[in-house]
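If you're matching them up, the sequences are chains S and E in order.
Residues in the first sequence are numbered from 1 upward in steps of one, following our numbering.
Residues in the second sequence are numbered from 376 upward in steps of one, following our numbering.
No lab work stands behind these hints, which were simulated from the structure alone.
It is possible that part of the hints are untrue.
To be verified - Which stretches of chain S does chain E cover? Using the computed rule of at least three CB atoms under 8 Å from a CB of chain E, they are:
| no. | stretch |
| --- | --- |
| 1 | 189 to 202 |
| 2 | 227 to 236 |
| 3 | 247 to 256 |
| 4 | 296 to 309 |
As the structure is a computational prediction, the values presented were derived from the model and not from experiment.
Using N, Cα and C, we set each Cβ at its ideal position, and we do this for glycine too.
The chain contents come next:
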Amino acid sequence: MCAALLILLAIWLAERLNNTPRALLSTDVRVVKGGAEVADNRLQITAADDEGVAMFIAPLGAGLPAKRYPLLRWRVDADASAQGYALIWVTKDEPRALQSLPLLPQQFFAGQVDLQADPRWRGEIVGVGLALMTVGEFPLIIDHMALDPSTGEWGWQDANRRLADNLLQFEPWLPASINFHRGVGERSLSSLPVLLAAWVTLSVLFLLALSHIVHGMRWQAASLVIALFGWLLVDLRWTAELLQRLRSAPAETAGYIGSGAASWLEQLPARLGAAPRRVFLIDDDPGGARALRARYLLSPHSTLLGFSDLPDDALLRPGDSIVILSAPVAIRYDSSRSVLFSASGREVPALLVSAATGVGFAFAVNASQVEGARP
Amino acid sequence: MIDVWIWLVVLVLPWVAGTALVFALDARLTLNDGAYASACGYVLGLVLAATLYALQLRFLGLSSPHGAAAVLVGVALAAALVIQQRSRPAISIVGSHPSKKSAWWYFFLALVVFKVLLLAYEAVRQPVLSWDAWTTWLMRSRVWVESGVYVPFTDTLTALASSGYAIEAWRYPELVSWLAAWAAAWSDGWNESHAVLPWVGLAVALPLGLYGALRRAELAATPAMVAAWVLVSLPLVATHVAMTGYADLWLATSLSLGLMSAFHWLRTRHHADLLLTLLLVLAAAAMKPEGLVWASVFPLAYLASRLGSKIFLASAAAGLLLMLVLFQLEGLRLTLPVLGSVTFGWPASLTELGWHLWVYDNWHLLFWGLGAALAVALLALSRYDISPARLGLLAWVVFSLGGFLFLFLWTDSAEWARLGTANNRVMLQLVPGLVFWLAIELTQNPLLARLTRPT
Numbered sequence: 001m002c003a004a005l006l007i008l009l010a011i012w013l014a015e016r017l018n019n020t021p022r023a024l025l026s027t028d029v030r031v032v033k034g035g036a037e038v039a040d041n042r043l044q045i046t047a048a049d050d051e052g053v054a055m056f057i058a059p060l061g062a063g064l065p066a067k068r069y070p071l072l073r074w075r076v077d078a079d080a081s082a083q084g085y086a087l088i089w090v091t092k093d094e095p096r097a098l099q100s101l102p103l104l105p106q107q108f109f110a111g112q113v114d115l116q117a118d119p120r121w122r123g124e125i126v127g128v129g130l131a132l133m134t135v136g137e138f139p140l141i142i143d144h145m146a147l148d149p150s151t152g153e154w155g156w157q158d159a160n161r162r163l164a165d166n167l168l169q170f171e172p173w174l175p176a177s178i179n180f181h182r183g184v185g186e187r188s189l190s191s192l193p194v195l196l197a198a199w200v201t202l203s204v205l206f207l208l209a210l211s212h213i214v215h216g217m218r219w220q221a222a223s224l225v226i227a228l229f230g231w232l233l234v235d236l237r238w239t240a241e242l243l244q245r246l247r248s249a250p251a252e253t254a255g256y257i258g259s260g261a262a263s264w265l266e267q268l269p270a271r272l273g274a275a276p277r278r279v280f281l282i283d284d285d286p287g288g289a290r291a292l293r294a295r296y297l298l299s300p301h302s303t304l305l306g307f308s309d310l311p312d313d314a315l316l317r318p319g320d321s322i323v324i325l326s327a328p329v330a331i332r333y334d335s336s337r338s339v340l341f342s343a344s345g346r347e348v349p350a351l352l353v354s355a356a357t358g359v360g361f362a363f364a365v366n367a368s369q370v371e372g373a374r375p
Numbered sequence: 376m377i378d379v380w381i382w383l384v385v386l387v388l389p390w391v392a393g394t395a396l397v398f399a400l401d402a403r404l405t406l407n408d409g410a411y412a413s414a415c416g417y418v419l420g421l422v423l424a425a426t427l428y429a430l431q432l433r434f435l436g437l438s439s440p441h442g443a444a445a446v447l448v449g450v451a452l453a454a455a456l457v458i459q460q461r462s463r464p465a466i467s468i469v470g471s472h473p474s475k476k477s478a479w480w481y482f483f484l485a486l487v488v489f490k491v492l493l494l495a496y497e498a499v500r501q502p503v504l505s506w507d508a509w510t511t512w513l514m515r516s517r518v519w520v521e522s523g524v525y526v527p528f529t530d531t532l533t534a535l536a537s538s539g540y541a542i543e544a545w546r547y548p549e550l551v552s553w554l555a556a557w558a559a560a561w562s563d564g565w566n567e568s569h570a571v572l573p574w575v576g577l578a579v580a581l582p583l584g585l586y587g588a589l590r591r592a593e594l595a596a597t598p599a600m601v602a603a604w605v606l607v608s609l610p611l612v613a614t615h616v617a618m619t620g621y622a623d624l625w626l627a628t629s630l631s632l633g634l635m636s637a638f639h640w641l642r643t644r645h646h647a648d649l650l651l652t653l654l655l656v657l658a659a660a661a662m663k664p665e666g667l668v669w670a671s672v673f674p675l676a677y678l679a680s681r682l683g684s685k686i687f688l689a690s691a692a693a694g695l696l697l698m699l700v701l702f703q704l705e706g707l708r709l710t711l712p713v714l715g716s717v718t719f720g721w722p723a724s725l726t727e728l729g730w731h732l733w734v735y736d737n738w739h740l741l742f743w744g745l746g747a748a749l750a751v752a753l754l755a756l757s758r759y760d761i762s763p764a765r766l767g768l769l770a771w772v773v774f775s776l777g778g779f780l781f782l783f784l785w786t787d788s789a790e791w792a793r794l795g796t797a798n799n800r801v802m803l804q805l806v807p808g809l810v811f812w813l814a815i816e817l818t819q820n821p822l823l824a825r826l827t828r829p830t
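Next up, chain S with everything else stripped away, as it sits in the complex (with noise of 0.2 Å):
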């Protein structure tokens, strides 16, 4: 009970004093429609879809409550525009509907909004965002994205709840790396780490005023126990989360490329040829994950990266190969004449060895036709 207490009383102090207002604009942030750039709590907007919608959400991890955190506000270039602005969200409760709240441009402009009011704003946040239609000139600054809190009390229920989710909740792996484990929820000072700590230094300072009155107490191993049984307690809890992100690790880290991509690149080796060749791998993101994975699955052939578009003819050698899983720019192919097209029109004469659809196309650089076409 007197545990309990001083865990609860630990989480209401370290609330009141993480009362900071929420960044949002971290590398974590979801570009829905359009393209964009973030760095530094600034986003960049860079092009709109074909509908031309630009759209991004910021995740908010576990998820932040509502009745919290009520004030949202930005900043925006004064010479922007945009024919129409959309503030937009999503609640843990709702997790597939997407919450809109179509903005005035003077809304916009003024870059904050308090949505107290709103019986949509409700339970907790999980994503934040803005949608532009019709942007008129890119690129379109955003920066200082962050959600206020509100200067009312929290409560005891509150701090209940915050220590259930503690307790109870996973997180999935971080999309940044497997090497920084958050906890739950977003930057919440009343972390498990920290509420044992409070709870530990509380108890052992309990107890060592207790033994001034109790005589003969052996406070010390009773404050190892407590120190022990907590960290016990953690351990357990992140241990069968630990079970539950391996589970899903396959699908949630870096180098998922779709178990279809991966079963054709794994075969593809041994289709290239026995002896190991040059793979010239060509993606819209050169070197992203995805390139980087399908070299790791390429191997034993020495796979090159960083192209977009066919490579220039004075780098291609008999024997080698070219893996195109996704081209940024109009790559054909003639099987009636075995050639490839570059993007300028440029030949490569090249046969056609696999092909998965939806995955990626692999050809034999001709041989004799590169020989002969050498000086």
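Dock chain E against the given chain S, drawing on the hints supplied.
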């Protein structure tokens, strides 16, 4: 699925050879030192196996690992011969620190065994998913094993010109890749479950080494076992075993066992401990560039142990003062060798580092305990005499943490701290050593001993 003989030849053979080598090097070791000796033996044995395999593939063009295995058998037999020919029996069941095991000891042993088995199973069951593993370390191993020849890795431009192979981290040392290559070379083709076996063995060797080293340092069996459990319970340690393939766990194990050997050398001045320290720290330095940085802390810590506690305290205070001055030098930029560009001033990553160490669940309660223990240790240092060994250990902790802070506050690595992608795994390299120091400090600090004396 892993064949038993693969486990035997990949893990047990180098383990036995390495352990025999450690016993042969140090005539004072008894069976009670088995935990510590076998942990050191595991690291040295696997490093030896990987090096032998690298030499035979690179210089003799032999892709079958049988030659390296034969040399390992020879090393094991030679070491056994040395042990047997000693005038007194080295392996005796009468040890230097026999003690009866409590129920708590068995309880924490069960926790350690449960965690290690769980993590080892996951490591073997999972495909290799960790980023560095398939972009760098196992990428190289896979090419060597599948092609059956040694090929160097370079940057893309060089590879284009030379028909070579390219990876981004081509400058990183090859040793960790050879560890995986040694393990995978026993299969037909590339087998990831086999390639990660060296990491599975680490899950055993790391807590075993910590327990054994603490027992050698006169700790009772139960606190030593609690320390081993604390180590395997840490989320980053568990992650690096289960999501296997990072080099940091290897570096952490080699470096921390080197630290433990150095501590024993400072206590006993026995040459064998010094030799073991040198071998383990050299192995750590050969694994990753950070290993070289952490290796450079050892001579400094030794110097501190020789100069005494007053000079150490003064230098620690000077270091703290220097740090405060560096906070004020807003915008001053320097280019330093190894570290690259350094920008002083109030670091944006300071708060983030604090969150990673104390608030997020990367380390459970470790840094809460470590912070308190450091304060008590420095306080006790000003009031009590301390042995050179404990002073050297404390200096290693202070200098290493100082180096870590410098790296993530002012160098380009500060950005990684902000993103949270590298600071924890670099800290992982130090953590087993920090747990070793914490266990010794909590049980041997005179201030704490006074405080915990029964009232």
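A quick look at each hint next to the structure:
Evaluation of the coverage hint for the stretch 189 to 202 of chain S: fulfilled, as 8 residues show C-beta separations to chain E shorter than 8 Å, against a requirement of three. With a cut-off of 8 Å between beta carbons, the stretch 227 to 236 of chain S has 7 residues touching chain E; three or more are needed, and the interface restraint holds. For a cut-off of 8 Å, the count of residues in the stretch 247 to 256 of chain S with a CB near a CB of chain E stands at 5, and the three-residue condition holds. Check on the stretch 296 to 309 of chain S: 7 of its residues sit with their Cβ under 8 Å from a Cβ of chain E, so the three-residue criterion for coverage holds.
Every hint from the earlier list agrees with this structure, and none is contradicted.
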